[in-house]
Amino acid sequence: MIEVSVTDEFEEWYDSLSASEQTSIDVVVEMLIEAGVALPYPYSSNIEGSKYGFRELRPKRGKSPLRPFYAFDPSREAILIFGGAKGHHRTRPCGENLGSVPARVQRARGKSMKTKKWADFIKERRSDEEIEQAKLEAAEELKFLDLQRLRKLRGQTQAEVAERLHISQSELSRVERRQNLTLATLQKVIEALGGKLRISAQFENVDYTLKDVWARSEIPDAEIIDAHQKTKVAGRRSRAGR
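Count along the sequence shown from 1, add 1402, and you get the number used in this note's numbering.
No wet-lab data here; the hints were simulated from the structure. There could be a bad hint or two in this list.
To be verified - Label pairs and their calculated CB-CB ranges:
id	residue 1	residue 2	range
1	1447	1598	30 to 36 Å
2	1609	1417	27 to 33 Å
3	1613	1575	39 to 45 Å
4	1533	1478	43 to 49 Å
5	1447	1476	19 to 25 Å
6	1522	1465	19 to 25 Å
7	1592	1530	19 to 25 Å
8	1474	1527	21 to 27 Å
9	1576	1599	17 to 23 Å
10	1522	1579	38 to 44 Å
11	1478	1417	26 to 32 Å
12	1596	1417	38 to 44 Å
13	1451	1593	37 to 43 Å
Said to hold, decoys possible - Once the Cα atoms are required to be at most 20 Å apart in a straight line, the calculated PhoX-like pairs of lysine-lysine come out as:
id	residue 1	residue 2
14	1613	1598
15	1465	1545
16	1488	1545
17	1537	1462
18	1488	1462
19	1465	1488
20	1525	1537
21	1519	1537
22	1525	1554
23	1545	1462
Built from N, CA and C at the ideal position, the CB exists for glycine as well.
Using the sequences provided together with the hints, build the complete structure.
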């Protein structure tokens, strides 16, 4: 988790939004607090062409036009500097003025800009129930990740995970992009990330956890093969063909 602060300009922009728009901002900011620098696309993205480390939050996975702009200070605290919206008449277009705000970023990073902690800021505007609901929605959203986003959220590189799996980085990249992994492969990747795979069956009124289903012999383990074994097999085939 990280600390998030807001500037006076962000406060002014936030207060100009409707209640539903503010709620969408609340959720994505709570996701930033939880995931920090590892918050992946489509919830956060770089600002193309920015020289000052700007990033943008993307509420509702980018389906909302709202874009809060932020940067990290040297201590890795996120500062919500100001907000905009794509094609929105009430707010600054997203990319239009990015080149004209280097002083804002420098002041924010240099601690000379007046800021307020997000926790204090949101308490002034939301009830405890609304704050808790935003946190729950953020936590629920972060659960639905593909392998690449999960790895980034856990703060691990492809090289680190590939080394634990005894495969190349390019092989792991292919595994992360696949949509039809076997359970045995998924189990190995999750364990390499430091977790445990759990599979549940959801019914109307109850969930059941299935035990060791990936250990059944009929499930192949084709994707994760030791790279050295692959090399040996290829070598034997090559010699046999001579």
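Legend entry - Enumerated hints in conflict with the structure, sorted upward: Numbers 2, 3, 4, 6, 7, 16 and 22, in rising order.
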